[in-house]
Amino acid sequence: MARYFTDEHEWIDVEGDTATVGITDYAQEQLGDIVFVELPEVGSVIDKGKDAAVVESVKAASDVYAPISGEIMETNEALEEDPALVNTSPEENGWFFKLAIGDRSELEGLMDAKAYKSFCDSL
Amino acid sequence: MSEDHEQDEAGTGTLPLDAWHRGKGARMVEFAGYWMPIQYNKDSGGGIVAEHEWTRSNAGLFDVSHMGQLMVTGEKAAEELEKLLPGAIATLKPGRVRYSLLLNDEGGILDDLMVTNATPWIEADEEAGTEGHWGEPAYYIVVNGAMKWDDIAHLREHLDDEVTLTHMDDHALVALQGPNAATALNRIMRGVPEQLVFMQSLEHDFGEWPLRITRAGYTGEDGFEISVPAEFAESLCDRLCAEIEVRPAGLGARDSLRLEAGLPLYGHDMTDTVDPVSADLAFALTKKRRETGGWMGFEAVRTLMESGPSERRVGLTLEGRMPAREGAEIFAGDEKVGRITSGGFSPTLGHPIAMGYVKVGHAAEGTDLEIVVRNKRLAAKVVSLPFVPHNYYRGS
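Those sequence lines, one after another, are chains E and U.
Numbered by this note's numbering, the letters in the first sequence go through residues 114 to 236 in order.
Numbered by this note's numbering, the letters in the second sequence go through residues 127 to 522 in order.
For reference, chain U alone in the conformation it holds in the complex (with noise of 0.2 Å):
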């Protein structure tokens, strides 16, 4: 695995899009240590509202290069992964994507992560007389930016020496996000959009570009997560851009589209002292596996899923137009019965939105709460998440 030569220990670092950015009016802030476009010039029609609804109306183009992508290989690699992680890999073929978690043994959220069974089909060869077969077992894994060296640190202490894992640091990593991302993909790699679903992922070579092209995002549209060489990141967002349905977005509106699409942001509405079932995220354990274990934390959370959680992740609205932002405190009359960790206003609803962790007694849907900011009490309502619906593709 190479080290992290792309950033000074002391300084921030430059990800392969930086220039690219700056050249569009990008206003760069500081993000999981590296420089990131938080917003584009609001004369070439940006700003976080307009690039919000642009991802909900036509196709936001998000470079989220600054995640970990890793590469796990190896015969047992699937055997491996399931130590940490609490969904089934083995079962999952190839070209399937899994959403999935790090867990530490107390039950607690390491990080959340993307994983692809990415093993190769390898074309019969007559010559060698070889017939056509699955390759080496590999898994694409996409993790948080700010936790990818905590990631990689425990994957390699856990992980059997047999197994590789490889940062992919010499690759960008881009998001093609909206109702109109495949149309105008597949004006760019015609036949490619109609070969995946939701949650599926493939190789594709165009022209000398070698891709991987995966059918997911984290703003509740239709879209397409492109991983590319660095070295091809440019052109690639050039080419995406001139697509007329496509514009850059930068990370404020990919906070505020996921805060809508009701997914939790890890080191805000996830820590490592929060676990997968008062997070909500039980989904990620996969129904088998949260009967055989053998994956770290597997104990902690039985007993949880055993006894309930005390307190649940849910969604909560605002009356009124004043937000409410991670840790404002959440009340039953006199009664604190929780805690905010994400929210912000909603450009779709016009309203503002909130998630939060409170009391499973407090926590059924159509609990009338309180919220506090700056001392005026704001009347919040539980709902259910998401709070603007999914918009995945998943088959005609």
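Chain E on its own, in the form it takes in the complex (with noise of 0.2 Å):
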């Protein structure tokens, strides 16, 4: 399994025609306390840098893009009852949605793990 990571934050593992999609502990420490977060309906679409999910801090609202396009396959249901686990868990159950992968290509030019490492180091 792979993962890689965007520069918006957000991690993807990759198991054959599926990713999981979440954001990271950078992103969670970045955005607070977490109260809510809005998933995508299971069987929508998403296209590749359009919104996907929307995370309620305290204090805001944050937009989640898509890093990659495809079809949403499942939803993490744990989330509604306890968001937190977006700031307690960030990178294992506080994942967002599972989606079958549209284009492997979109998968080009994201990060490894070290790359993100040193890009959040440069931030």
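To be clear, the hints were calculated from the coordinates, so they are not data collected in a lab.
By construction, the Cβ of each residue, glycine as well, lies at the ideal position given by its N, Cα and C atoms.
It is possible that some hints are incorrect.
What the hints assert, rightly or not - Taking CB as the label site, the calculated pair distances span:
id : chain 1 : residue 1 : chain 2 : residue 2 : range
1  : U       : V498      : E       : R217      : 34 to 44 Å
2  : E       : D160      : U       : E357      : 52 to 62 Å
3  : E       : D195      : U       : R500      : 18 to 28 Å
4  : U       : E417      : E       : T201      : 56 to 66 Å
5  : E       : N206      : U       : A458      : 33 to 43 Å
6  : U       : T138      : E       : S218      : 35 to 45 Å
7  : E       : D176      : U       : E201      : 51 to 61 Å
8  : U       : P220      : E       : E194      : 46 to 56 Å
9  : U       : D494      : E       : E194      : 18 to 28 Å
If you follow the hints, you should be able to join the two separate chains into one complex; please do so.
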């Protein structure tokens, strides 16, 4: 399984034709206490770079853009009851959604863990 | 009055506690023209919700030095202030504090403020043969940071030349807020908290630090606002934070606390196009002065009080967990009946809350309404304010 990162602070785990998407530890730290996550509808098709989810912290709402295009297969229902999972376990239990990868070429140019770390260090 | 020397024209100003906040791992943001702490480091127990909950259960220490601290002095000070403020100032006793407003001629709110009768008591002097007596009348006024330059200009334009307006920009202001604020403060300054109830103020020399301590705040909790010369501000905060009940808290928690307390925020829940009647702040208009007038905006406000406002500020609780933010529209069926002016998630209640303006026909407590957020309709209900009961100390 390969994990990719975007410069919008999302991570993408790719397993076969399926990708699991969430936001990084750096992102949750910046957002602060998360109180609600609005997830896309299962079955909807999202386009790379377009709104996919909204993260509400106590202070503000922040958009999460689709890192790659595809059809939403599943969303993390645990976030409905416990949105703070995004704070406590952003890169594991706090995942957002799984999608059927629409275009594998969109994965090209994304960062690996090492590149993402140096990207964050440069911010 | 000194000019603004702490803030250069182009950049963002720094306040006396800037380094102190950074040393505590605060995340600094620009607010009202200054760098201010929005929250402190998570590793040291910070974070908006943690600071919010700590303030509700112990005591949070907030830096509010961005706010304008003004002193108006002179024999005619009260009389002159009454031309601009709709509250009774002449009958405000020394050491008492009143919430008031600056209004324009149309009755629009220019700012909200706290005014304290800070007239000093002059002790008897046997050598000079004078009895104890009240000194020159003095009124200490705290205004919003973002509005202070406009307020100063407004006051200077309209106050008589015999009255002196001083901008105390060499002072910091900190707010110690929470149910354990008095316990903590009493351990440092023994006997001071018990001299004050809510909306009272005194001068207190703590060693070489001349402080003004006011039992008031913006969280709904018991607490104190302490005005301190800038040079002693860090030492005072260190001293306060050395108490086990006290932790620093940032602007983020201040906003969620004041929202739960139903306290309006200038620039959001009130503006210069909103009048005090619609804003549900008529309590700031002293009853007698509503009748006698003599203050800027009186004619417009009197007309509104007679005819009744067309919309009113209300509290709203939302179903579900999705918050509605400022600007969201409020509907009753297909009819748009209002807009949200402040909204967020209440850490204390565990659900979203909001304040907004709603047409009077839909503003009654218990009215079911809908708020549109990102094309979704969220069920909401009009409720009485505050959302979380106030915990002010009014005497034992």
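Each hint tested on the structure:
1. For the hinted restraint 34 to 44 Å between V498(U) and R217(E), the CB-CB distance of approximately 38 Å keeps it satisfied.
2. The given range of 52 to 62 Å is respected by D160(E) and E357(U), whose C-beta atoms sit roughly 57 Å from each other.
3. Restraint check, D195(E) to R500(U): a C-beta distance of roughly 22 Å satisfies the suggested window 18 to 28 Å.
4. At roughly 58 Å, the beta-carbon separation of E417(U) and T201(E) lies within the given 56 to 66 Å, and the hint holds.
5. Taking 33 to 43 Å as the suggested C-beta distance range, the pair N206(E) and A458(U) conforms, at roughly 40 Å.
6. The beta-carbon spacing between T138(U) and S218(E), approximately 43 Å, falls within the hinted interval of 35 to 45 Å.
7. Take D176(E) and E201(U): their Cβ atoms lie about 59 Å apart, and the range 51 to 61 Å holds.
8. Taken as a hint, the range 46 to 56 Å holds for the pair P220(U) and E194(E), whose Cβ atoms sit roughly 55 Å apart.
9. Taking the beta carbon of each, D494(U) and E194(E) are about 25 Å apart, inside 18 to 28 Å as hinted.
Consistency note: the structure conflicts with none of the earlier hints.
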